[in-house]
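Protein sequence lines correspond, in order, to chains A and B. Under this note's numbering, the first residue of the first sequence carries the number 340, and numbering increases by one thereafter. Under this note's numbering, the first residue of the second sequence carries the number 340, and numbering increases by one thereafter.
Hints may be right or wrong, so weigh each one.
Looking from chain B toward chain A, a few residues come up when the C-beta cut is under 10 Å (computed) [stated by the list, open to error]:
(1) Phe459
(2) Asp516
(3) Leu518
(4) Leu522
(5) Thr529
(6) Ser530
Just so you know, the hints here were simulated from the structure itself, not pulled from any lab data. Note that the Cβ used here is the ideal one computed from N, Cα and C, for glycine as well.
2 protein chains.
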Amino acid sequence: MSGLLVVVSGPSGAGKSTVLKALIDSLPRGKFSVSMTTRAPRAGEINGQAYHFVTESQFVEMREAGGFLECARVFESAWYGTPKNHVLDDLSAGFDIILDIDVQGALQVRHSHPDAVFVFLAPPSMEELRRRLENRHTETPASLARRLETAAQEMERRGEYQYLVVNANDRAEETVDKLRAILVAEKCRTSRLECCLPMSL
Amino acid sequence: MSGLLVVVSGPSGAGKSTVLKALIDSLPRGKFSVSMTTRAPRAGEINGQAYHFVTESQFVEMREAGGFLECARVFESAWYGTPKNHVLDDLSAGFDIILDIDVQGALQVRHSHPDAVFVFLAPPSMEELRRRLENRHTETPASLARRLETAAQEMERRGEYQYLVVNANDRAEETVDKLRAILVAEKCRTSRLECCLPMSL
């Protein structure tokens, strides 16, 4: 049976990285999709792990050849995208693939893969989101304001996802359980099973 | 938040009673719906527990008043039905209500409550179903044949349910986990949440 393509979006500060890492670790056959980007590697980033690093011309060529499930240019500088071949190969091999992408990317994936599972991970409140971002001590007032504005815009689109999971403070385990439950339930959907029912009448 | 109405069907011998009992026990707020019937109570059956026992005229009057979520006359003798008021009151009070009903009943519920969750519980194979029914040593050859024929007819309708869970031998726990996951996932569906999101933008 082919794996599930699971698209997870949510504002920066919703806690996606932590819960998705825990989710992957808890799945028998789960994998992150590794994005491709034209931005320069940061110290310690290994090619093929955090990202596949490529040049702009390599990226554009692959994009024109339809090689991405979704891609976008972020803040008018670097390109980011999900390489299609890797994902489709892994799905065929039975892996559940988690795509941690933004709302725009999710809409692109929905267009080409309506059978994917779309989950929005939300913070418990905008006030809590602000608090989490401030506590990182890595944001300037301007970048904080920009992140909050982007978050508000993303939150407005949450209704376009099939599932909404609120990641409450100190409840990361509960959040992971809900995400796991969504995967288990989706694997029981008759619309996915009809082709390969274990029953012959 | 209102509870979930969960309709579970599946052939006799699929193991419904056992796994649904375990499911209810594991839910924080779960209840079976108690059916109403015109058949006579068997030894030990208490009114209001296994069934609500009523006379045929009481049943027919309630049916004509639209008092059932679903009802049917079984083998042209006794009536069975799910009283609407009890279920709706319990749902409003936040209970998840499990309806263990047949395919015909499920279709009636889908008509009036398309937001219910529809799960088909299947045996791993028809051979295994036959074995389980034979091992009960309660079936005559004629009743066994009738149950198997009914089972085959019900199995053909499984694609009309949203979820299919196969109850494999010695895997009742896994089956219960899947049913629980379906309930958890359904409670995260944005289509159920939009009215009562915990987030104000």
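Structure-based check of each hint:
1. Against a cut-off of 10 Å between C-beta atoms, the interface hint on phenylalanine 459 of chain B holds, since the closest Cβ of chain A lies about 7 Å away.
2. Proximity of aspartate 516 of chain B to chain A holds as hinted, the smallest CB-CB distance being about 7 Å (cut-off 10 Å).
3. A cut of 10 Å between beta carbons decides the hint on leucine 518 of chain B: the least distance to chain A is about 9 Å, and the hint holds.
4. Using the Cβ-Cβ criterion of 10 Å, the hint placing leucine 522 of chain B at the interface with chain A is satisfied: the shortest such distance is roughly 8 Å.
5. Satisfaction of the interface hint for threonine 529 of chain B is found here, the shortest Cβ-Cβ separation to chain A being roughly 5 Å, below the 10 Å cut-off.
6. This hint holds: serine 530 of chain B has a C-beta 8 Å from the nearest C-beta of chain A, less than the 10 Å allowed.
Violated hints are absent here; each numbered hint is respected by the structure.
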